[in-house]
Structure formats: C-alpha cells, structure tokens
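S.K.: As a plain string of letters, each chain reads:
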Amino acid sequence: MSERTPVNLRDGRAAGIVQAVLIDGVTREEIERAQAQWKPVMVEAQARWAAEGRPREKWPQHSHWNWLEKKDSTSGLLAYGFYGIEAEGEMQGLMMVSTAGNACRIASQKGKPLVYVEYLTAAPWNLRLFVPEPRYRSVGPVLIAAAVQLSRDEEFAGRIGLHSLSQSDDWYRDVCGMTDLGQDPAAGHLRYFEMTPEQASNFLK
Amino acid sequence: MTERRTMTLNLTEAEMSALEQMSEKKDLSKTALLRQALRLYQLLDVRLSHGEKLYFENELTKAKAELMVL
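Here the protein sequences line up with chains A and B, keeping their order. So the first sequence is numbered by our numbering: it starts at 1 and just counts up by one. So the second sequence is numbered by our numbering: it starts at 1 and just counts up by one.
Hints in this document: simulated from the structure, not taken from any laboratory. Backbone N, C-alpha and C fix where the C-beta goes; we use that ideal spot for every residue, glycine too. Any given hint could be a false lead.
In silico DSSO-like cross-links for lysine-lysine, where the CA-CA straight-line distance does not exceed 27 Å [unchecked claim]: (1) B:Lys64 <-> A:Lys112; (2) A:Lys39 <-> A:Lys71; (3) A:Lys58 <-> A:Lys70; (4) A:Lys110 <-> B:Lys25; (5) A:Lys110 <-> B:Lys64; (6) A:Lys70 <-> B:Lys53; (7) A:Lys112 <-> B:Lys53; (8) A:Lys39 <-> A:Lys70.
Pair ranges (Cβ atoms, derived) [unchecked claim]: (9) B:Ala65 <-> A:Gly101: 11 to 21 Å; (10) B:Met22 <-> A:Gln61: 32 to 42 Å; (11) A:Gln61 <-> B:Leu9: 19 to 29 Å; (12) B:Phe56 <-> A:Gly89: 40 to 50 Å.
What the simulated footprint calls covered on chain A by chain B, stretch by stretch (three residues with Cβ under 8 Å from a Cβ of chain B suffice, anywhere in the stretch; the number is not a length) [said to hold, decoys possible]: (13) 5-13; (14) 76-82; (15) 185-194.
Bound-form chain A, shown alone (with noise of 0.2 Å):
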C-alpha cells in the first residue's frame, strides 16, 4: 500500500518551485522504472569519465546501487521501507529506510530508537557528480525530511541514523545539521551520523 504526498522541489535550470510527489511505499513496478529511466544518464556519464581518464575513485560511489535487488530482498518484511519523489513522470530520487533494531548511540539518546536511513539518492540527472547542471534541487533535504517526519510517526521523536558514503559526508554535517560520530569499523569505516530531535526540529524548520 502506498501513499502519495505532494511536495515541492526547487527547479535547477530556472527559478521556481516544481510541484512534486513523495512517494511512501515505492512499489516493485516504480523502482524498475526509475532504473530504467536512470540508467542511460549513468552510462553516458561513466563512458565520458572512462574517456577523460577520470580516476574510479572520484566516480560516484553510489553508481553500483541496485534498488530492485534491495526490493526484492526485502520484500513483505515490515522493517523496510521506501520512499520516492515524482515529478513530471519521473522518478527524482530514491530512500530505504528500516524502522526496527536500531537504537542511537548518541550519549543524549543513547538506546532510543531511530529511523536508519539504509540509502539515499537523487536521480543522476539531480546531481552534480553527474551532470553540470542539475535539474531538481532539494530532493534530498525532500527524503531526509520524509525520514523525520516517519521518526515523528513511529514515536521515535525525529532520531534518525545513517552511515555516510565519504561523498556525502560534508552534506549530512552541514546541511542535514547530523552528528558526526566518526568512522565506524563494523561499516566499512563509513561515517556515521545521528540526527537528536532538537537538531530534527531545526533541519525541518
């Protein structure tokens, strides 16, 4: 079952704000679509990045991300969920979120549950690791927003989680306002972050 919630996203190319649709509960069908539709906008990109002589480690490190097999695998289990955002047919970006099992580590909230953000992306043609020009701004801060407000929802009073890709990093700190508790082993020495619910009061104001 899925509901669709509409939101606004800023417009890339000209001013303006693009009326948009949040997306919770991502069906099967969606997520083979918005595949689909992003693959091109991929390849082109990483044959581009081959002929430039652009090192592999400057690629986007999310490039390899296979939302159906994180569908599939997750299928009918209620821990999971996924979140997207429509606008003008296409799917801008994409969130799986899991809502059971994981608690904060954050001295202040210690023990209390939180929403893991388990992934996040916009559209390939939504960020700069792409293209020059991106076509949808805030599709980001849209899903992480989408995270707090199903804290709020499952009582969990806006805590949210998540490990960060090393790209990612400066975006979680210094937009989203999360805490950087460091690099984590058990996660590949991922940074990981913790949102308190005074700073999730503060990032959706």
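Model the placement of chain B on the given structure of chain A, informed by the hints.
M.R.: Frame of chain A; chain B shown alone:
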C-alpha cells in the same frame, strides 16, 4: 496514514510490567513498542529461516553464544 486495526491483548501482570518498563526505557507507547517487537521478530524469523544464525558476542572476551529464536 495507513489504515490501522485494533486488537485486545491479554497479558499477565509480569508481561504487562515488562512492557511498561520497556516502553518507558525506549520512550515509546506500548503500541509502538509492540509494533517494533513484531517487526524485529519477523525480520529475525525470515533471516533464520534462510539459514542465518543469530549470536550475542561478549564485548570483552569476544565469546559468542548463539541465540535460538522460536
């Protein structure tokens, strides 16, 4: 909001006491805590039925003990 259904739950005094203590500790209502428990139980059940095992590890000694989930 997804449609919700209501049920009556019969618990012993000890079970209700444990539920209340856990709810307070986790800062959740009893309903939210039980929903958490159900999600976690379902997740464990599926992973165990796929042949995975669940262990507790002692942080100091690194000794592992398998947890049997019924």
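S.K.: Hint compliance check: list the failing hint numbers for this structure, sorted ascending.
M.R.: Failing hints, ascending: 11, 13, 15.
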